[in-house]
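A.B. asks: Chain by chain, the residues run as shown.
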Amino acid sequence: MKPSSQALLGGIADTVETQVLPELEASTWTASRLRSCLALLRHLEQRVVMEGPLLYRENAELEVFFGELLEDLKDVREALPLRDELEVLRSTCTYSEAYPAVEELASVNARYLEFLDRIIIMLHENRAALGEARFEELRGRVMDRIREAKQREAPMIDAASGYSPI
Amino acid sequence: MADIERSEAALTAESVADYFSARLGSSVTVRNLRQTFPGLSRETYLVDAEVAGESRGFVLRVDPPSGGGTPTSLRHEWEVYRRLWTSPIPVAEPLWFAEGVDFAEGRAHMVRDLVAGGTTLPGLTAATAEGARLRHVAVRNHVEMLAEVHRLDWAAYGFDEFIPVPASPDDALRLEFDIWKDLWLAGRTEPHPVITEALYWLEENMPRDTPFISLVKGNNGIGEEIWRDGRIVAMSDWELASLGDGVLDLAFSQGTLALDDFGAAVRYYGECVGHEVSPRRLAWAMFWIMFKALVCLNTLFLRNYIAGADSRIASAAFGVISVRQYERQLAMSIGKDLEAALHDLAAQTTRSTYASIGATS
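Going line by line, the protein sequences match chains A and B.
The opening position of the first sequence corresponds to residue 1 in the numbering used here, with each subsequent residue numbered one higher.
The opening position of the second sequence corresponds to residue 1001 in the numbering used here, with each subsequent residue numbered one higher.
Hints listed in this document are in silico derivations from the structure and should not be mistaken for laboratory results.
Mixed in with the good hints, there may be bad ones.
As the list claims (entries may be wrong) - If you want the ones that stay clear, here's a sample from chain B, every Cβ over 12 angstroms from chain A, calculated:
| hint | residue |
| --- | --- |
| 1 | Gly1057 |
| 2 | His1076 |
| 3 | Glu1093 |
| 4 | Ile1163 |
| 5 | Pro1191 |
| 6 | Pro1207 |
| 7 | His1275 |
| 8 | Ala1316 |
| 9 | Ala1331 |
| 10 | Asp1337 |
As the list claims (entries may be wrong) - Using 35 angstroms as the maximum straight-line C-alpha spacing, the simulated DSBU-like pairs for lysine-lysine come out as follows:
| hint | chain 1 | residue 1 | chain 2 | residue 2 |
| --- | --- | --- | --- | --- |
| 11 | A | Lys150 | A | Lys2 |
| 12 | A | Lys150 | B | Lys1336 |
| 13 | B | Lys1181 | A | Lys74 |
| 14 | B | Lys1181 | A | Lys150 |
| 15 | A | Lys150 | A | Lys74 |
| 16 | B | Lys1336 | A | Lys74 |
| 17 | B | Lys1336 | B | Lys1181 |
Even for Gly, the Cβ is constructed at its ideal location relative to N, Cα and C.
Let the sequences and hints guide you as you build the complete structure.
C.D. replies: Now the structure itself:
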């Protein structure tokens, strides 16, 4: 269907930015609400095309990342329950269709992020047992994973960063 | 009918007049009622009234329908005002607090006298010699006022009766950390692994060189305090007041201390309180304030928006966009030396939220 969702959102945002907001006094709640809408429109303009592929890729990479990290922790007793949980996660975090809806991808991503959160806590709680060098290596891998995800989503956020949310 | 710019659950001049009349036991006419801008955590209205034929101004502060935008209650802020009114710190006279009464749908609210002045200074951002002079004077005055707050004998005014007190100055930031970490874990809308890591990083690097336990104002600076003739005449917005390390206020000035020379402002603050601020302590505070803002935006604004309790679109915008911006900044900082990390982020962390949108009194 043309124009695309991205083009339509961009057109709406352009209209608000160039034809409506300039008519309003900046320091009013009416203008403020429109600025909030504009910031979100600029965000959505990118998100509508990025979110699905980004989540699909992120989920696939997280699953591999968890497997590799926990394999490297197989000698750590405290990590063993997480290995079992990962198997459960893998068997339940499946998609109902070949082309999953964004909501389904987001739901799986939330479960993976919760799992990553628990891995982080496990690493910190076992820092002394792991030894500083090994701990820092593992923490570095986790942070690299997080930074990469944040960089990938950056265009969706940066698109709105020049617009005041209030 | 007074000219009112409406928020989602705006009050009317008539309802305010009726309520104030009953409360003051005198006939009140509201000539103008205006919600101040900006300000999302709570609704603040300027009430231009006539009480028994005499002109009088009030400030009415009301919880939004979804509740406040900070973890502290409006009653907490009221208790701060009540005590400060008897202290040397300049605040507007607090008049009353109420909740659950037949006004503003029973929402918590407090009323204080209106102090003449504004939350901005005309000409403050002018690229002229006079603008530079004004910024210099305003920043120094703001520093002096913060120092006065931080040197206040808070126990003498009973602040320890309702605010948790750190066990010692060394533990001031530890108590702050524990309180806000708990708020985050209890209220976050979803797991945020980057914040989990950030909390470990901040805990590992927590300074312990707090010189003394202070009353900490919370959000401060242009857009919060009342200014007149280039000076602060009343300090306002105490909803995040706590007992702890005053350095947190330097990090929470919303760009005000950076209007002139940020480094000079921090050094001047050190002179005013008699203790130099270590760069590490300041850097930690800057990242900590980022985390606190994130807690409010996610656990209150965004959570309430998702739940349908807060329909304000700004809550969604802050909750989605600003939180992700902070997360990325933290992700890029974790693991670095605190001061180096702050140096890398300096451009973003010293910019005022309200710089370009005309904050008004």
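A.B. asks: Tell me the numbers of any earlier hints that the structure contravenes, in ascending order.
C.D. replies: 5, 8 and 9
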